[in-house]
Amino acid sequence: MKVIKEKHSFLMRWTHWVNFPILAIMIWSGLLIYWADDEYKIEIAGKTYFHFFPDGFYNLLHIPQRLAEGMAFHFLFMWFFVINGLIYILYTVLSGQWRELLPQKKSFKEAWLVLLHDLHIRKSAPPQDKYNAAQRIAYTAIIVMGAGSVFTGLSIYKPVQFHTLTWLCGGYHAARIEHFILTIGYVLFFVIHIIQVILAGWSNFRSVISGFEVVNEPKSQFVESLPGENKDGE
Amino acid sequence: MSRKANLLNHYPERIKMENKPEKKTKVAITTEQKIKRRDFISFGVFGVLSVAAYKGWRLLYTSPNEVAGVTAGVRAPLRRALNKTELAFRRVFSNKNLVKTYPKEMAAKNVRHNSDIGSKGAETSGGVIQVIKNNGESQNITLDQIKALKKTEIVYDFKCVEGWDQIQYWGGLKFTDFVEHFGLTDQAKLAYVGMMTPDKGYYVGLDMDSAMHPQTILAYEMNGQPLPLKHGAPLRLIIPVKYGIKNIKRIGSIYFSNTRPRDYWAENGYDYYSGL
Numbered sequence: 016m017k018v019i020k021e022k023h024s025f026l027m028r029w030t031h032w033v034n035f036p037i038l039a040i041m042i043w044s045g046l047l048i049y050w051a052d053d054e055y056k057i058e059i060a061g062k063t064y065f066h067f068f069p070d071g072f073y074n075l076l077h078i079p080q081r082l083a084e085g086m087a088f089h090f091l092f093m094w095f096f097v098i099n100g101l102i103y104i105l106y107t108v109l110s111g112q113w114r115e116l117l118p119q120k121k122s123f124k125e126a127w128l129v130l131l132h133d134l135h136i137r138k139s140a141p142p143q144d145k146y147n148a149a150q151r152i153a154y155t156a157i158i159v160m161g162a163g164s165v166f167t168g169l170s171i172y173k174p175v176q177f178h179t180l181t182w183l184c185g186g187y188h189a190a191r192i193e194h195f196i197l198t199i200g201y202v203l204f205f206v207i208h209i210i211q212v213i214l215a216g217w218s219n220f221r222s223v224i225s226g227f228e229v230v231n232e233p234k235s236q237f238v239e240s241l242p243g244e245n246k247d248g249e
Numbered sequence: 003m004s005r006k007a008n009l010l011n012h013y014p015e016r017i018k019m020e021n022k023p024e025k026k027t028k029v030a031i032t033t034e035q036k037i038k039r040r041d042f043i044s045f046g047v048f049g050v051l052s053v054a055a056y057k058g059w060r061l062l063y064t065s066p067n068e069v070a071g072v073t074a075g076v077r078a079p080l081r082r083a084l085n086k087t088e089l090a091f092r093r094v095f096s097n098k099n100l101v102k103t104y105p106k107e108m109a110a111k112n113v114r115h116n117s118d119i120g121s122k123g124a125e126t127s128g129g130v131i132q133v134i135k136n137n138g139e140s141q142n143i144t145l146d147q148i149k150a151l152k153k154t155e156i157v158y159d160f161k162c163v164e165g166w167d168q169i170q171y172w173g174g175l176k177f178t179d180f181v182e183h184f185g186l187t188d189q190a191k192l193a194y195v196g197m198m199t200p201d202k203g204y205y206v207g208l209d210m211d212s213a214m215h216p217q218t219i220l221a222y223e224m225n226g227q228p229l230p231l232k233h234g235a236p237l238r239l240i241i242p243v244k245y246g247i248k249n250i251k252r253i254g255s256i257y258f259s260n261t262r263p264r265d266y267w268a269e270n271g272y273d274y275y276s277g278l
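Protein chains in written order, with my numbering: chain A, 16 to 249; chain B, 3 to 278.
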């Protein structure tokens with residue numbers, strides 16, 4: 016029997032979908048800024064393996080020569096990013112939803128089992144509530160990363176006024192690198208997130224828009240409510 | 003007659019159907035309807051809001067540039083946002099917040115050089131700086147007069163709007179000492195100070211708070227040596243609470259006003275404030 020099961024609250028869905036375009040604009044405008052001094056590369060023992068970013072990539076996205084424009088967009092949408100993030104965090108804390116979100120002690124062990132299950136190496140997945148162990152870790156990490164982007168961003172944006180923050184980030188130069196790495200992190204998260212959403216299927220995707228999932232309850236409610244019935248089962 | 007009979011005939015059957023323990027079918031249909039209804043509303047609202055968000059973005063993206071004035075080159079709504087953001091961050095500005103300083107040994111020997119805009123006729127300026135008060139009065143101050151005053155040195159991380167930074171070592175006259183010594187205290191009560199190269203090719207506007215920050219220097223030395231031409235000889239501005247674009251080289255004139263003075267990069271799409 017099909018049953019509607021409430022899953023995601025309105026505020027969770029709202030902040031999720033508002034964040035998506037805002038973060039996309041922040042990453043894009045960040046690229047316009049980064050281009051002006053694109054010094055980061057993956058270098059091992061003097062050999063360069065990847066340069067962020069190749070010219071072809073810049074040209075494809077029309078990135079070059081747009082620093083001022085990038086800054087203007089970045090410093091407008093940063094407000095929306097922060098406000099939306101604060102709404103989500105406040106809601107999660109006040110509603111008690113953090114209990115469903117934050118990793119538990121067992122989550123770190125279970126996350127491996129989830130991974131093995133997702134890779135079809137292990138048949139069963141550990142029992143879960145709203146989020147499984149791997150989701151708890153990933154979704155908490157992305158919120159921490161969001162806060163990290165705000166703090167490293169402020170450290171670069173106003174390094175004299177927020178000198179303590181800049182110092183905590185390990186200095187101006189380090190803060191810019193951290194800000195960049197966090198952004199790469201979002202892109203990697205996004206790729207895995209999309210794959211997982213596709214694999215999880217329609218009902219899961221719908222739940223982030225409609226708020227509910229449809230579950231098949233094998234027994235009818237009538238049987239379940241009989242007193243003393245499930246004593247035998249236990 | 004027959005119609006009535008028909009109804010009567012069917013009536014008991016309908017009762018019978020509802021009383022049957024096949025409740026399941028009916029409940030399933032309503033759940034199904036509920037799902038459909040909620041999906042319709044949610045996806046409808048989601049779709050409408052997505053289109054609205056996209057339209058809003060296009061509206062912003064294709065909005066015309068601001069009317070060129072003291073600032074120019076940015077989409078009008080984005081310039082408004084930059085100015086509003088400036089006001090918000092001016093509230094956290096304090097002269098007590100100092101830029102981090104480093105030991106001299108850490109200063110770069112090869113000081114990065116980015117631009118020569120406004121360098122025409124630099125050699126012929128002869129080290130005379132024209133100071134113009136907001137009432138039009140002006141006085142000429144020579145480099146020797148400036149050098150005769152107490153020298154202040156700073157080794158700090160110079161930050162370019164492009165993203166690079168470099169630890170550099172500068173020496174010169176503190177701007178607050180300059181104001182005090184040349185009788186400009188009343189002028190420093192105005193909102194802005196502007197500076198321009200002798201060829202008028204480069205110019206900056208600074209809010210007075212930033213100019214009067216204790217680490218703002220009119221520099222004539224770099225790495226303990228006289229300022230090289232390409233780094234702004236005879237006199238340049240070192241203002242650590244601003245990006246490099248505000249650190250004007252080859253100062254020819256300094257002027258005070260209550261309105262924003264012209265600013266080279268603010269006319270080219272950059273934030274007027276550009277504060278750190």
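The reader is advised that the hints may include incorrect statements.
Stated by the list, open to error - Listed next, the in silico SDA-like pairs over lysine to any residue satisfying Cα-Cα at most 25 Å (straight line):
(1) Lys62/A x His77/A
(2) Lys173/A x Ser140/B
(3) Lys111/B x Ala189/A
(4) Lys191/B x Asn260/B
(5) Lys38/B x Thr30/A
(6) Lys145/A x Ile210/A
Unchecked claim - Not everything, but these chain B residues come out facing chain A in the computed CB check (under 7 Å):
(7) Ile37
(8) Asp41
(9) Phe48
(10) Ala83
(11) Lys149
(12) Val157
(13) Asp167
(14) Asp209
(15) Gly271
Honestly, the hints are just simulated from the structure, not real lab data. Ideal Cβ placement from N, Cα and C applies to all residues, glycine included.
Here is what the structure says about each hint:
1. The suggested pairing of Lys62/A with His77/A is violated, with an alpha-carbon distance near 28 Å, which exceeds 25 Å.
2. Under the criterion of a C-alpha separation no larger than 25 Å, the hint pairing Lys173/A with Ser140/B is inconsistent with the structure, at around 35 Å.
3. Pair hint Lys111/B plus Ala189/A holds up; C-alpha atoms about 22 Å apart against a cutoff of 25 Å.
4. Taking the CA atoms of Lys191/B and Asn260/B, the gap is near 9 Å; set against the 25 Å cutoff, the hint holds.
5. Taken as a hint, the Lys38/B and Thr30/A pair is honoured in the structure, with Cα atoms around 24 Å apart against an allowance of 25 Å.
6. Taking the CA atoms of Lys145/A and Ile210/A, the gap is about 19 Å. The hint holds against a cut of 25 Å.
7. Evaluation of the Ile37/B hint against chain A yields a held restraint, the C-beta minimum of about 6 Å falling below 7 Å.
8. The interface hint given for Asp41/B is met, as the beta carbon of that residue sits about 5 Å from the closest beta carbon of chain A, less than 7 Å.
9. With a cut of 7 Å, the hint placing Phe48/B at the interface with chain A holds, because the nearest CB-to-CB distance is about 5 Å.
10. A least Cβ separation of about 4 Å between Ala83/B and chain A falls short of the 7 Å threshold, and the interface hint therefore holds.
11. Violation of the interface hint for Lys149/B is found here, the shortest Cβ-Cβ separation to chain A being roughly 28 Å, above the 7 Å cut-off.
12. Hint status for Val157/B: violated, given a least beta-carbon distance of 14 Å to chain A, over 7 Å.
13. Restraint check, Asp167/B versus chain A: the minimum CB separation of about 6 Å is within 7 Å; hint holds.
14. At a threshold of 7 Å, the smallest CB-CB gap from Asp209/B to chain A is about 14 Å, leaving the interface hint violated.
15. Taken as an interface hint, Gly271/B checks out: its beta carbon lies about 3 Å from the nearest beta carbon of chain A, inside 7 Å.
Checked against the numbered hints given earlier, the structure breaks hints 1, 2, 11, 12 and 14 and satisfies all the rest.
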